[in-house]
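For the record, the sequence lines run as chains A and F. When we follow my numbering, the leftmost residue of the first sequence carries the number 685, and every step to the right adds one. When we follow my numbering, the leftmost residue of the second sequence carries the number 685, and every step to the right adds one.
If a hint is listed, it holds; no wrong ones were tucked in.
Intra- or inter-copy, both count: the list cannot distinguish identical chains.
No farther apart than 30 Å at their CA atoms in a straight line, the calculated lysine-lysine pairs in the BS3-like style are these:
#	residue 1	residue 2
1	Lys1009	Lys834
2	Lys746	Lys723
3	Lys1009	Lys792
4	Lys827	Lys1009
5	Lys744	Lys766
6	Lys880	Lys869
7	Lys880	Lys1009
8	Lys834	Lys851
9	Lys827	Lys869
10	Lys1009	Lys766
11	Lys869	Lys925
12	Lys834	Lys869
13	Lys903	Lys851
14	Lys1009	Lys869
Calculated from the structure, these hints are not laboratory results.
One-letter residues, chain by chain:
2 protein chains.
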Amino acid sequence: MSIRIGILGYGNLGRGVECAVKHNPDMELVAVFTRRDPKTVNILTETAEVYSVDEAEMMKDKIDVLILCGGSATDLPVQTPKFAQWFNVVDSFDTHAKIPEHFADVDKTASQNGHVGIISVGWDPGMFSLNRMYANAILTNGKDYTFWGKGVSQGHSDAIRRIEGVKDGKQYTIPVDAALEAVRKGENPELTTRQKHTRECFVVAEEGADLARIEQEIKTMPNYFDEYDTTVHFISQEELKAEHSGIPHGGFVIRSGRTGWNDENSHIIEYSLKLDSNPEFTSSVIVAYARAAYRMNQEGQKGCKTVFDVAPAYLSALDGAELRKHLL
Amino acid sequence: MSIRIGILGYGNLGRGVECAVKHNPDMELVAVFTRRDPKTVNILTETAEVYSVDEAEMMKDKIDVLILCGGSATDLPVQTPKFAQWFNVVDSFDTHAKIPEHFADVDKTASQNGHVGIISVGWDPGMFSLNRMYANAILTNGKDYTFWGKGVSQGHSDAIRRIEGVKDGKQYTIPVDAALEAVRKGENPELTTRQKHTRECFVVAEEGADLARIEQEIKTMPNYFDEYDTTVHFISQEELKAEHSGIPHGGFVIRSGRTGWNDENSHIIEYSLKLDSNPEFTSSVIVAYARAAYRMNQEGQKGCKTVFDVAPAYLSALDGAELRKHLL
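The shape of chain A in the complex, shown without the other chains (with noise of 0.2 Å):
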C-alpha cells in the first residue's frame, strides 16, 4: 500500500512535493488543500482532489503524512502545531532563531496525539544543517564555513521590488570564489561578511525613473545589501523574463578541522548543492522525510523531530538489507 501524501499550500513548493510524491512509486498524492477557492487551483496530479483547508480534519483517516508548504512568517507557526493534531506532518521552517520556540509547539501537539514532526526539513535547514552536524562530530576541532549561492534570494528580490521607481527585480547571492578557496586551503580564514558572498540585482524600472537614485538605494540598504559588494543592472522586461525566471540556488558547507596528538594533520569535509530549482529540490528533501515520518509513527514513535532525529535508512524506499548491500 501507498504512503498517502497531503498538501497544504499550492505554490511553488506544494508543487515541487507534487512532482517529488511522482518520483517516488511508493507514494501518492491524496489531496491539495488549499486557502484559495478549490475550483481555481489546477493541480497536476489526475487521481487527487483538492479541498478547502477547512475539509482538511475531515480527511484525518486518508492521508498519513500531510505536508506543510506555506510560509515560515506566518503560515507555519500556527499550521503545524494546529495540524499536528490530525496527521504526521512535515514542515520546511527556516527562521532558525524561532526553532526553539517552534518545536516546543509541534511538540505538544504531535505528542498529545501520537503523531510525528518533521520540522525545518529542506536544504538549510535541512541537509546543510546535517551535514555541519555531522562534520563536528567527526571533526571536534575545527571551524565551519556556510557559503550561499550562487541562487535566487527571494527575500531580497521583494527588497528591490519595494523601491520607488521598480517595476520588477531579482536578486543573485553569489559567494566569493577567492575565500571558498582560501577555506578548502584550510587556511581557516576570518571573514566579514563582505568577503563571503557578493549581490548581483537584475532591475526593470519603470520609464522615466531616476536610476542612480534606485541604485543608490539597492546598495546602501540596511541588512539587506549595505554590508555587501553590489552589482545593479538595469535591464528590460522582457530579457528578465528570458534569462532570470528560474528560481537556481546551491552553496557550500564546509568544515576544517585538525586530529592527531598534537594536532598535526588537517582535513576539509565539503558538501555542496548546484540546484536548478531551490523549491522542486527542497520538496524532494521533504517527501523523503514524510516517508520516515510515517515509518516512524508506524513504530510508535510520536512527537516533533528534526533531521537529527531521523535515523538515514527510514529515508530511504529500499530496505535495510538492500541498502547495506547496494549503498554502503
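Given chain A's structure and the hints, the job is docking chain F onto it.
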C-alpha cells in the same frame, strides 16, 4: 561520567582512535588490547593500560565500547562477532561484498547479549555510504558517481612491493579532473575505469634491478593496474621517506538527478573529503559512532547497526536543544 573506550589492535587505526578520544572530552581511553606482548606496546595516553587481548573479557564491566582496529580480511570477521558478546563494539569492516554476512554474524551475538555493534564505520564505507544514501533518497531519478583520491592505496602499494626487484613503493589513486568536471556539469557521462582514475607509483628498486621490467610488470598487473593509465617513477629510499611517508586520501561522492513534472530541472549533490591522514579521519568517524553505540545501548537498543541505522544526533556530544539552536 565519561564514556569508557577500549581499543583492540594498536596499529595506525588504533593510534588514530587514541588521538580521536583525546579530542572528545566526554570520553576516556581505558585500555588497549594487543596480540603482541603488552610490555612492547607503548601508547600515548598516560591514564590507560595495555593488556593482552586474552584479558579483554575480564574488562567487560570496565569498558562501555570496544573499538576493533584490526583488518577486514581476517581479523574483523572473527573479532567483531566474538567481542560483541562482552561489549558494545564498533568496527570499520570494509570488504563491501561481505558486509551482509558480517552484519548477520555481528547481529547474532550482539542481539543475544544485549549489545550494540556498529559495523563498517569510517568514510568508505561510512560517510560516503551515508551521502550516497541521502542523495538517492532525495534525487530518486539520478546517477551516482564515486571518485577516490588523491590518496595512498595500501593494497596497491603492497602489490608493487611484492614485485621482484622492488625494495619499497607507494601508490597514489588520482581522480581524473575531466571526468569530475563532466559529472559536476550534470552531463551524466558513462565512465570506464580508465576514464575515472589514474594511478601514480613511486618505486624504490633494488640495486641493479631491471627497471623496464618492473615498470612493465606494474602497468600490466591484472585487477590492480591493467585497466588504468599508470605512471611509474623510480626514486631513492630517502626521497620516498621524505616526500611520501604520509597517508593522505579523500574523494568525491556526487549524485546528479532531475526533478519536475517532466524532469525539467537538474541538480548536483556533492560530498568531498580531503584528508591528510586516512587512519586519523577514519578513527574520528569511528569514535563519534562509539558515542552513538553507547547511547543507543543505554536506551535499550541492541543488535547490529550500520551508519544508515543511527540517527545523527547520537553522534554529537551536544544535546538535542543545543543542536537545534546552534547547528540546525
